[in-house]
Amino acid sequence: MSSIIRASKLGYDYYRYTDENEEPELNRAIDQVSLDVKEGQFIAVLGHNGSGKSTLAKHINALLVPTEGTMWVDSIDTAQEEELWKVRQKAGMVFQNPDNQIIGTVVEEDVGFGPENMGIPTDDIWKRVDESLAAVGMLSYRKHSPNKLSGGQKQRVAIAGVVAMHPKCIILDEPTAMLDPNGRKEVLKTIRELNEQEGVTVILITHYMEEVTLADYVYVMDSGKIVMGGTPREIFSQVDTLKSYRLDVPQVTLLAHELKQEGVDIPDGILTIDELVNALC
Amino acid sequence: MKLDNITYTYSPGTVYEMHAIQGVNLDIDQGEFIGIIGHTGSGKSTLIQHFNGLMKPTSGKVLYEGKDIWQEGYNLKSLRSNVGLVFQYPEHQLFEVDVFTDVCFGPKNQGLSKDEIEGRAREALEHVGLAEDMYKKSPFDLSGGQKRRVAIAGVLAMNPKVLILDEPTAGLDPKGRDEIFDQIQSLREKRGITVILVSHSMEDVARYVGRMIVMNHGQVAFDGVPREVFTHYRELEAMGLAAPQITYIMHALKYRGLDVDTQAITIEEAKKSILQALGER
Numbered sequence: 014m015s016s017i018i019r020a021s022k023l024g025y026d027y028y029r030y031t032d033e034n035e036e037p038e039l040n041r042a043i044d045q046v047s048l049d050v051k052e053g054q055f056i057a058v059l060g061h062n063g064s065g066k067s068t069l070a071k072h073i074n075a076l077l078v079p080t081e082g083t084m085w086v087d088s089i090d091t092a093q094e095e096e097l098w099k100v101r102q103k104a105g106m107v108f109q110n111p112d113n114q115i116i117g118t119v120v121e122e123d124v125g126f127g128p129e130n131m132g133i134p135t136d137d138i139w140k141r142v143d144e145s146l147a148a149v150g151m152l153s154y155r156k157h158s159p160n161k162l163s164g165g166q167k168q169r170v171a172i173a174g175v176v177a178m179h180p181k182c183i184i185l186d187e188p189t190a191m192l193d194p195n196g197r198k199e200v201l202k203t204i205r206e207l208n209e210q211e212g213v214t215v216i217l218i219t220h221y222m223e224e225v226t227l228a229d230y231v232y233v234m235d236s237g238k239i240v241m242g243g244t245p246r247e248i249f250s251q252v253d254t255l256k257s258y259r260l261d262v263p264q265v266t267l268l269a270h271e272l273k274q275e276g277v278d279i280p281d282g283i284l285t286i287d288e289l290v291n292a293l294c
Numbered sequence: 034m035k036l037d038n039i040t041y042t043y044s045p046g047t048v049y050e051m052h053a054i055q056g057v058n059l060d061i062d063q064g065e066f067i068g069i070i071g072h073t074g075s076g077k078s079t080l081i082q083h084f085n086g087l088m089k090p091t092s093g094k095v096l097y098e099g100k101d102i103w104q105e106g107y108n109l110k111s112l113r114s115n116v117g118l119v120f121q122y123p124e125h126q127l128f129e130v131d132v133f134t135d136v137c138f139g140p141k142n143q144g145l146s147k148d149e150i151e152g153r154a155r156e157a158l159e160h161v162g163l164a165e166d167m168y169k170k171s172p173f174d175l176s177g178g179q180k181r182r183v184a185i186a187g188v189l190a191m192n193p194k195v196l197i198l199d200e201p202t203a204g205l206d207p208k209g210r211d212e213i214f215d216q217i218q219s220l221r222e223k224r225g226i227t228v229i230l231v232s233h234s235m236e237d238v239a240r241y242v243g244r245m246i247v248m249n250h251g252q253v254a255f256d257g258v259p260r261e262v263f264t265h266y267r268e269l270e271a272m273g274l275a276a277p278q279i280t281y282i283m284h285a286l287k288y289r290g291l292d293v294d295t296q297a298i299t300i301e302e303a304k305k306s307i308l309q310a311l312g313e314r
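Chains as they are written, first to last, in this note's numbering: chain A, 14 to 294; chain B, 34 to 314.
Keep in mind that the hints were calculated from the coordinates and are not lab data.
Bear in mind that the values here come from a model prediction, so they are computed numbers and not experimental data.
Check each hint, because a few of them may be wrong.
Partial list, computed: chain B residues near chain A (C-beta under 10 Å) [to be verified]:
1. Gly46
2. Val48
3. Ile279
4. Tyr281
5. Ile282
6. Leu286
7. Leu291
8. Asp294
9. Thr295
Which bits of chain A does chain B cover? Going by a derived footprint, with three or more residues having C-beta under 8 Å, they are [unchecked claim]:
10. 22-28
11. 123-130
12. 266-272
13. 284-291
Calculated pairs, EDC-like style, for lysine to aspartate or glutamate (alpha carbon to alpha carbon, straight line, at most 20 Å) [as the list claims (entries may be wrong)]:
14. B:Lys170 x A:Asp137
15. A:Lys198 x B:Glu270
16. B:Lys208 x A:Asp186
17. B:Lys304 x A:Glu35
18. B:Lys170 x A:Asp186
19. B:Lys170 x A:Glu35
20. A:Lys22 x A:Asp112
21. A:Lys273 x B:Glu270
Here a beta-carbon is modelled for each residue, glycine too, at the ideal position from N, C-alpha and C.
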């Protein structure tokens with residue numbers, strides 16, 4: 014499999030301006046970050062607020078360019094300004110608040126906005142709109158007004174808007190933080206289907222540990238660095254280390270961990286309810 | 034506080050007429066810790082805005098300490114000092130030059146003396162766990178979790194008897210979630226205030242509140258202690274909600290023949306019950 018996203022010793026500095034007369038303070042948001050994501054993978058990134066996850070995500074579609082090191086998206090160096098649009102087309106981004114990402118007054122127009130900007134012929138735009146809305150299960154809402162939709166539906170429209178640009182990779186920055194349980198479920202299902210059926214590479218940034226169990230590989234960030242990397246099972250078997258990074262594990266994993274400490278014979282890194290039930294019964 | 038058969042109708046008498054809440058009766062005692070859950074659009078936000086008179090019911094009565102708040106001559110301003118409402122993403126409402134001044138804004142508007150204002154601000158900041166070295170910082174230089182605490186302190190400084198929080202932990206990392214909840218809990222114990230919490234996290238509701246109210250289509254679907262309400266997890270799912278992961282684990286174990294308490298909703302309860310069941314086997 015070829016690499017779709019590769020980062021080598023990435024560093025990003027920004028200045029914080031406190032007072033007009035004072036020297037600005039130099040901050041390092043990400044530091045020595047190296048990544049290698051293969052095409053079709055489902056990657057999760059965990060980290061507490063301010064750990065550098067979002068800054069890293071913004072490097073993947075060239076919203077930010079590194080101060081140090083290099084980021085390649087499908088072999089293109091994101092620091093090359095003339096390649097900017099190519100990079101953004103290959104790597105699409107979905108943010109936390111769906112209301113900030115929807116601009117059209119009708120669902121289908123919103124989804125068509127991306128391809129239209131890419132100069133795609135009109136017939137093809139509509140084809141892409143159809144396909145994208147079908148992929149997120151929102152086809153029957155194409156003539157609806159986005160502001161009448163639920164949070165989960167809006168977020169799926171936002172995802173369709175990205176899908177319509179035919180990206181190779183989608184980066185989702187806490188896409189479920191503002192949603193109710195149902196909305197969360199809908200969005201996750203959509204993400205998983207895009208990954209499995211359409212082969213889109215997914216990078217999911219989240220604070221919900223349950224959402225991470227689906228990933229092929231998990232990165233944990235702290236103070237701008239990648240401090241852990243592994244499969245969900247490897248990561249979640251280290252309950253205490255995760256807690257030291259202000260993170261958590263899914264409830265089922267924590268329960269299994271605590272039972273094990275009480276002497277119950279179960280394996281490490283239990284991720285699903287079925288696994289726990291099978292271990293106990 | 035008492036809601037007596039309240040209904041709120043949007044655009045009454047037009048084709049857009051819609052009941053946001055309908056026939057809601059609630060009796061809330063001083064010192065209760067209440068969780069309100071419901072999917073997006075179920076009427077939660079409309080409901081909480083009735084508690085401090087931001088919305089006026091189309092029919093029915095809102096009583097605070099036995100008095101009808103919409104009676105002529107009722108002092109709504111004093112009601113709003115007694116019933117503090119923290120909106121979703123309250124950090125977007127910070128505006129002052131530094132943390133301390135921002136927290137002083139509420140009590141200043143209550144017409145208190147300077148000493149009293151500053152005393153309250155200090156106390157409120159202490160309650161939310163912000164140290165003195167933060168007081169002179171610009172609120173915009175803080176992390177997400179810190180900003181949120183400043184915003185909560187701003188409401189606390191008005192010395193409310195009832196504190197209503199709309200999704201106080203949305204977007205925070207797990208540690209930040211725990212910290213905010215622990216502080217709310219200890220605040221409730223220290224000051225004896227009533228806390229009403231709107232949340233999408235069933236796990237948090239299970240862990241902290243004494244009573245939960247489930248809203249569905251603008252009506253109260255369930256009102257009771259969490260362990261009892263979560264036994265209706267199938268019905269909750271039909272409403273677009275869910276139970277904590279623990280509930281599902283316990284039901285799965287029971288189904289497989291392990292004699293556990295299916296009403297357990299926290300990790301501690303589940304651990305105890307499983308250990309006991311394993312011991313008896």
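Status of each hint after checking the structure:
1. Gly46: Violated: closest Cβ of chain A sits about 21 Å from Gly46 of chain B, beyond 10 Å.
2. Val48: 15 Å, violated
3. Ile279: Holds, about 6 Å.
4. Tyr281: Check passed: Cβ of Tyr281 of chain B comes within 6 Å of chain A, closer than 10 Å.
5. Ile282: 5 Å, holds
6. Leu286: 6 Å, holds
7. Leu291: Holds, because the Cβ-Cβ distance from Leu291 of chain B to chain A comes to roughly 6 Å (cut-off 10 Å).
8. Asp294: At about 14 Å, which exceeds the 10 Å cut-off, the nearest Cβ of chain A leaves the hint on Asp294 of chain B violated.
9. Thr295: 13 Å, violated
10. 22-28: violated (count 0)
11. 123-130: violated (count 0)
12. 266-272: holds (count 4)
13. 284-291: holds (count 4)
14. B:Lys170 x A:Asp137: Violated, because 53 Å separates the two Cα atoms, which is more than 20 Å.
15. A:Lys198 x B:Glu270: 11 Å, holds
16. B:Lys208 x A:Asp186: 19 Å, holds
17. B:Lys304 x A:Glu35: 55 Å, violated
18. B:Lys170 x A:Asp186: Not OK: Lys170 of chain B and Asp186 of chain A at ~28 Å, beyond 20 Å, violated.
19. B:Lys170 x A:Glu35: 14 Å, holds
20. A:Lys22 x A:Asp112: 35 Å, violated
21. A:Lys273 x B:Glu270: With Cα atoms ~31 Å apart, Lys273 of chain A and Glu270 of chain B exceed 20 Å; violated.
Checked against the numbered hints listed earlier, the structure breaks hints 1, 2, 8, 9, 10, 11, 14, 17, 18, 20 and 21; every other hint is satisfied.
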